[in-house]
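Peer 1: Chain by chain, the residues run as shown.
Number of protein chains: 2
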Amino acid sequence: MSEKRTELSDLGEFGLIEQISRNTKISQASTLKGIGDDAAVLKTNSDQHTVISTDLLLEGTHFDLAYVPLQHLGYKAVAVNISDICAMNAIAEQITVSLGLSNRFSLEAVDALYEGIRLACQSYNVDLVGGDTTSSRSGLVISITAIGRVSPEKMAYRNTAQNNDILCVTGDLGGAYTGLQILEREKQVFLANPEMQPQLERNSYVVGRQLKPEARADIIHELADLEIVPTSMIDISDGLASEALHLARQSGLGVMLYEDKIPIDKETYDIIINDFKFSPTIAALNGGEDYELLFTIRQSDYEKIKNHRDISTIGHMTTKKQGYKLTSRSGVILDLKAQGWTHFAS
Amino acid sequence: MSEKRTELSDLGEFGLIEQISRNTKISQASTLKGIGDDAAVLKTNSDQHTVISTDLLLEGTHFDLAYVPLQHLGYKAVAVNISDICAMNAIAEQITVSLGLSNRFSLEAVDALYEGIRLACQSYNVDLVGGDTTSSRSGLVISITAIGRVSPEKMAYRNTAQNNDILCVTGDLGGAYTGLQILEREKQVFLANPEMQPQLERNSYVVGRQLKPEARADIIHELADLEIVPTSMIDISDGLASEALHLARQSGLGVMLYEDKIPIDKETYDIIINDFKFSPTIAALNGGEDYELLFTIRQSDYEKIKNHRDISTIGHMTTKKQGYKLTSRSGVILDLKAQGWTHFAS
Chain A
152 MSEKRTELSD LGEFGLIEQI SRNTKISQAS TLKGIGDDAA VLKTNSDQHT VISTDLLLEG
212 THFDLAYVPL QHLGYKAVAV NISDICAMNA IAEQITVSLG LSNRFSLEAV DALYEGIRLA
272 CQSYNVDLVG GDTTSSRSGL VISITAIGRV SPEKMAYRNT AQNNDILCVT GDLGGAYTGL
332 QILEREKQVF LANPEMQPQL ERNSYVVGRQ LKPEARADII HELADLEIVP TSMIDISDGL
392 ASEALHLARQ SGLGVMLYED KIPIDKETYD IIINDFKFSP TIAALNGGED YELLFTIRQS
452 DYEKIKNHRD ISTIGHMTTK KQGYKLTSRS GVILDLKAQG WTHFAS
Chain C
152 MSEKRTELSD LGEFGLIEQI SRNTKISQAS TLKGIGDDAA VLKTNSDQHT VISTDLLLEG
212 THFDLAYVPL QHLGYKAVAV NISDICAMNA IAEQITVSLG LSNRFSLEAV DALYEGIRLA
272 CQSYNVDLVG GDTTSSRSGL VISITAIGRV SPEKMAYRNT AQNNDILCVT GDLGGAYTGL
332 QILEREKQVF LANPEMQPQL ERNSYVVGRQ LKPEARADII HELADLEIVP TSMIDISDGL
392 ASEALHLARQ SGLGVMLYED KIPIDKETYD IIINDFKFSP TIAALNGGED YELLFTIRQS
452 DYEKIKNHRD ISTIGHMTTK KQGYKLTSRS GVILDLKAQG WTHFAS
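As they're listed, the protein sequences go chains A and C. The first sequence begins at 152 in the working numbering and counts up one residue at a time. The second sequence begins at 152 in the working numbering and counts up one residue at a time.
Check the hints yourself; a few may be wrong.
You can't tell identical chains apart in this list, so a pair holds if it fits in one copy or across any two.
Said to hold, decoys possible - SDA-like, lysine to any residue: derived pairs with alpha carbons at most 20 Å apart:
(1) K363 to P349
(2) K194 to T182
(3) K176 to L270
(4) K194 to S181
(5) K155 to N254
(6) K176 to R269
(7) K176 to S274
(8) K176 to T284
(9) K488 to E169
(10) K155 to L258
(11) K412 to K455
(12) K305 to T284
(13) K194 to A180
(14) K155 to A260
(15) K155 to P220
(16) K194 to D486
(17) K176 to E266
(18) K455 to D421
(19) K488 to M407
(20) K176 to K417
(21) K176 to Q273
These are computed hints drawn from the structure, not numbers from a lab.
Based on the provided sequences and hints, a complete structural model is requested.
Peer 2: Okay, here's the thing in structure tokens:
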């Protein structure tokens, strides 16, 4: 055949999304924001916007049932969607859950999955309001949509950071990626010798970060209490570097990160250094799935958060001309690049 | 292992949904209706409710790329979701589309799929506002969520029909099922002899009903113009019998259908009789995917629709004690049973 064929792997996920959104027109007055942020924003009334986000999780691509317990998987699937709602500075109120299940799943397995889903619903105070359940000829498919609300003046988009705004991040980074490395290693050990028990206790923090991440809904409430409206916000699903670049590029700005300010937990740090002989900074910059919040605030809000136990200030926004930079521990200024995650590997 | 194992095929899709919804609690004031209707209903302001519906379509379960063109698949995936919004008497305004794509898909194939999605967006005047795109290790996965709006006094639930209400259906039934039989037959012919060209022209109506069904958004506008608010409504995805039983059971009523009133298109009728030696009534009752609307109206509204070219009155609601019945063409009263579609076949 002489038909043109362009491989998806040549384009990448972001290239594909760009291609899709380029051809998308908005015609409804109720659509305030379409493709291009953590969630779509719909106008519902003058006091509240509705934000909607959706994620598709596929066995073999996003999770490996060899080491992911079904309860944890259910919990995580909800949490990562809630995280997208948080990234709009909104409060999630509802979710829908669609499942594609193969016949190798028993009712008891589905119950375990829903136990995790329900636990997350309780934990984040969201209602499970609908979904679709069907059989799958191949692996497990989980599609979740989360619906949240936020008042218009609190809305935090990706593209509204200003020059000199302070860049903040919640929690610590690199843990989920490190946990994944541990799980992959123990799986290989187990495959080679099924008598061996996995060594996960010593690594419980990082394994927990991978298997059961939390959305930072707590931070959204705290920011409201502190009367801080982030000037821009995104959640960290692909890695700090990738998300910082999103905020900078979409806001038409540059960004400066400081390596020594990047929060990395001690257990995470030690495991990366000792077990994997790797750079903890690289894990924080490029390891995904931490689901922490990355956001910018006005300098005038700095006093309100500077002593917050769970928010680190890690840099600031610059002009586009100044570019995307990282000041290393030794004071060298490096270009900030995103490895991110590419699912469309060839 | 001595762990209890219950097969999903023993439970069926409806059994599974019942099991899931039984354990689901609602805690948000904004959740007006959770699991159990065509869409969830959320309170957004006093003038408008938001309705949300989601569908998961999996290759091998819901479609066969051997005979489904990608444009049509994209169009249909949107239309079936819009249909769920219509079934609440609401107008769809936005959709999100998530895709799981394998590497065997080229960018050109994804473009073809989106061409269909975009055409449906134009046709139903909805905005594509978000989604998720990822790679799939197995088949194509499409997950769509549709968001619509309706004023509270126009809302049509499944469980609010009244005794003696008139049962109405739009369009004609059994066509999509018949189209599927044709496509399956031609696929077998093609597999046996790849030189043969498929004979689809003669069957273009039924093949079109299967490949490119339309949501009856036109009817929602017409009902508004006629000042009719259905007392209950559902869309026909599983077959007339299954959906009529849903309306009756969820409303705590019985139902009487009249075989001679069930609308069946002439082409559909002839193909079923001549090619498949089958009962057209059975195709209408149990063949799925027609995506017509089944609804009840007060007797006082009958005059407004009795001459409508595209709405048939096919029966009426009775008491629960009178049961679920079909009066055959010969006047015999039969029990109405749903075959529906069971994806969890063992």
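Peer 1: Hint numbers the structure violates, sorted upward?
Peer 2: Those not satisfied are hints 12, 16, 18, 20.
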